[in-house]
Amino acid sequence: MTERVWVVLAVGTALAAFPHVSAAEVYRWVDAHGAVTYSDRPQPPSEVVAPAPEPVSVRKATPAAPPVEPARTGPATVEELLELSGLKAQLAGIASRLAGQLQPTQGQMSLKDQTAVDRILARAVSHDKIYALVRDELRRDVDRVRLEATVAWLRSPVARKIAALEVASSEPATEQKIGVYAAGLKANPPPAPRVELLQKLDWISGAAETSADIVAAVTRSVSKAVSATSPPAQSLRPGQIESRAEEIRTRVSESIRQAQLVSMLYTYQSLEDAELAEYVRFSASDAGRWYNARMHKALVSAVGGVVERATAELVRAVPPERWTRAPESTPSKAQ
Amino acid sequence: MKAGMWAIALTLLLAPAAAAQQRPAVAPPSGHLERAQAEFQAGRYAEALEEARRAADSAPTSVRALTARASMAEFLGEFNEARTFYDRAVALAPDDPGVIYHTASFAVRVGEYDRALGLLDRLLALHPRHVRWLFQWAPRVAQAWLLRENPSLEHIVQIKIDILTEKGDLEQARTLARAYAIVKADQNYCGEAQAKQQASAGRDEIFKAFRLATLGQPDSADCIWWYGQWLSDEGYVRLGRLMVLEGTRVTPLAGNKESGTRYVRIRLGGDRDVPKRAEQLFLIARQRYLRDGDLEGATRLFDEVIRLAPAFARPYNYRAMIAWDLGDREGALGWLQRGIQADPDSWRTHRNLGKLLDAVERYPEAETHLKKAVALFTDDAGGRLALARVLYAQGKYDEFVKETRGAVGFLANWNDQVPEVRAFLEKFERWGPGAALPPAPDPHVIIGWNYD
Chain A
122 MTERVWVVLA
132 VGTALAAFPH
142 VSAAEVYRWV
152 DAHGAVTYSD
162 RPQPPSEVVA
172 PAPEPVSVRK
182 ATPAAPPVEP
192 ARTGPATVEE
202 LLELSGLKAQ
212 LAGIASRLAG
222 QLQPTQGQMS
232 LKDQTAVDRI
242 LARAVSHDKI
252 YALVRDELRR
262 DVDRVRLEAT
272 VAWLRSPVAR
282 KIAALEVASS
292 EPATEQKIGV
302 YAAGLKANPP
312 PAPRVELLQK
322 LDWISGAAET
332 SADIVAAVTR
342 SVSKAVSATS
352 PPAQSLRPGQ
362 IESRAEEIRT
372 RVSESIRQAQ
382 LVSMLYTYQS
392 LEDAELAEYV
402 RFSASDAGRW
412 YNARMHKALV
422 SAVGGVVERA
432 TAELVRAVPP
442 ERWTRAPEST
452 PSKAQ
Chain B
633 MKAGMWAIAL
643 TLLLAPAAAA
653 QQRPAVAPPS
663 GHLERAQAEF
673 QAGRYAEALE
683 EARRAADSAP
693 TSVRALTARA
703 SMAEFLGEFN
713 EARTFYDRAV
723 ALAPDDPGVI
733 YHTASFAVRV
743 GEYDRALGLL
753 DRLLALHPRH
763 VRWLFQWAPR
773 VAQAWLLREN
783 PSLEHIVQIK
793 IDILTEKGDL
803 EQARTLARAY
813 AIVKADQNYC
823 GEAQAKQQAS
833 AGRDEIFKAF
843 RLATLGQPDS
853 ADCIWWYGQW
863 LSDEGYVRLG
873 RLMVLEGTRV
883 TPLAGNKESG
893 TRYVRIRLGG
903 DRDVPKRAEQ
913 LFLIARQRYL
923 RDGDLEGATR
933 LFDEVIRLAP
943 AFARPYNYRA
953 MIAWDLGDRE
963 GALGWLQRGI
973 QADPDSWRTH
983 RNLGKLLDAV
993 ERYPEAETHL
1003 KKAVALFTDD
1013 AGGRLALARV
1023 LYAQGKYDEF
1033 VKETRGAVGF
1043 LANWNDQVPE
1053 VRAFLEKFER
1063 WGPGAALPPA
1073 PDPHVIIGWN
1083 YD
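Residue numbers (our numbering), protein chains in the order written: chain A, 122 to 456; chain B, 633 to 1084.
Zero decoy hints are in this set.
To spell it out: a stretch of chain A is covered by chain B in this simulated footprint if at least three of its residues, at any positions, have a beta carbon under 8 Å from a beta carbon of chain B; those stretches are: (1) 326 to 332; (2) 350 to 363; (3) 411 to 425.
Hints listed in this document are in silico derivations from the structure and should not be mistaken for laboratory results. All residues carry an ideal CB built from backbone N, CA and C; glycine is no exception.
Let the hints inform the model, and build the full structure from the sequences given.
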């Protein structure tokens, strides 16, 4: 597999990995009447026939069933934080997408190599691995007061409803639904106050920033692992890897932000503006800022670490040149 | 000197000897020189030097081989080796103009001016008597023709002008340039140079035009100042300093005088001496790092520069860059701190250290150095944006807004709108502090202040 392919792969992985980000590119334009429209494809010459989302004002509140509240027996813990926030459940989707993106395309390599890759990915990119890294990172620097405040918020009905929606949205099958939803936004754009509220939420929580940093972390990790097995003349120095990661981060930031907005519009459809405003208020609080910053760090570090170790194993087991093999032709019976 | 020019020089050196030259008959070393040339043209300079070494080792009395080795060693900053092999070549072919010319150029490069002048006299002595007489005594009107007919004479004059300029005797350099019709009275060299710059002519062409302006129009303060800044950017800090000081002396405007004085203090190390050899090694080290990716060779040369000129801030910055490149963050910080100890007024070093400390999230220290950078150079909009970022990271939002507005306002005058910074500020003012740190782009709006 060439280095270029690896980098493209890395970006794809991170885009698909973050729960709020659709892998599809999102376009935004303003029509003659000043209305802002979002879509997953450029503005078509004529009207798009796509299923229209229900108007926000009449949307039915249909969140996934909130998890059963665990019995509280002592001070809040990092495990409880991960459980209540829904992140523990979301990590399953993240792991599966990461592994899927690191998979070679069908026929790209021999059956034997493919089996080796499958075995490594199943072991190295698992929910348990990522969860353990996130948990350990969060445990490193626990601020008891802020942790308690955050858990108290997460136990509130609104936060539980939000967590359930985010978990539902993180399932791989949702990607396609978001694509369809995005297409429908052209005919039925969201109200401006809703967009403003979600942009504010993204600004304060740093969700798009986390996605962009994951892109950079995956790029960095893959480059490091591949570089370590390359001949000296072809390997990249740490500074070069850093520059490349930063360059890619800058390049994808804006499209991530756009995709983030569409994804949030989809995920929180059933929330009232007042509920979203509450979410924004918590995110802007001291505890909310602490929680978002710690989660950001833990997620970026965990995904980067898992990808680096998995990629290192993959290129050791199947050297990069064996990732570009042409598909085998079916032997002819006449031969 | 650019690689292309060196390729030409090397080709000349490797070409068969001129008929007029008398040198010992030595069989050229088979293949090594051709391979050296091929490696050089392919940009594999270290390999080219190795081949040139083999050529000289296998034919120690071949002037071509010795000179090729000397040239390659000079190109890569191996000055002791270059000196040894130029000397051997001159000893073997004392009347070879090509060898003498290259040896003289090398002597200028390492600041051995008297030796260079002696070699130029030898070069002159190789010309026929009547040519020498005309060169010495003919009126100015005949000199242009004479130099056109004898290009080697123009080389002699140009090198002598450079020597006089580098020694700080600009008046004598100008006299010489006029005497040999290198510049003519009543010609607007400065206007021509500025026109070339506006027309985006080639870099070398613009550079030569400003040099002529400096020689031909002693009152053209703006052009002299511009030439000095260009030299500084390129790394010719000695000549750059002389030119900036000259432009500062000549300008009638008090503001420009203040600016010129500050420029020398914060960008060119004030009156800290940088020996010519150190300056040239620095230039080559930078090329070996940035152009060739030769970290090992560059590191060795930068270390030599620091040994020769411990108060010269630039090599510390490059040692830091290499350390960072190798993933050694603490090492990079250490080199920059040493750079500041060497020259506490080095704007670039404070700026680099501030940005590096920001990258490793040591914000209070970053603030100290970025504040110093901005105090040293108030028009540094990129430094101000970097300062705004570390202020924001520490929750000093009022100061963040003040610095950001200052930078954005300044950049608007230069038609650089930094839209990402404006968008961030707008969101901050609408929604309060966000999770991400503000962007701190480094706009390149001021010529002469963005390269070190």
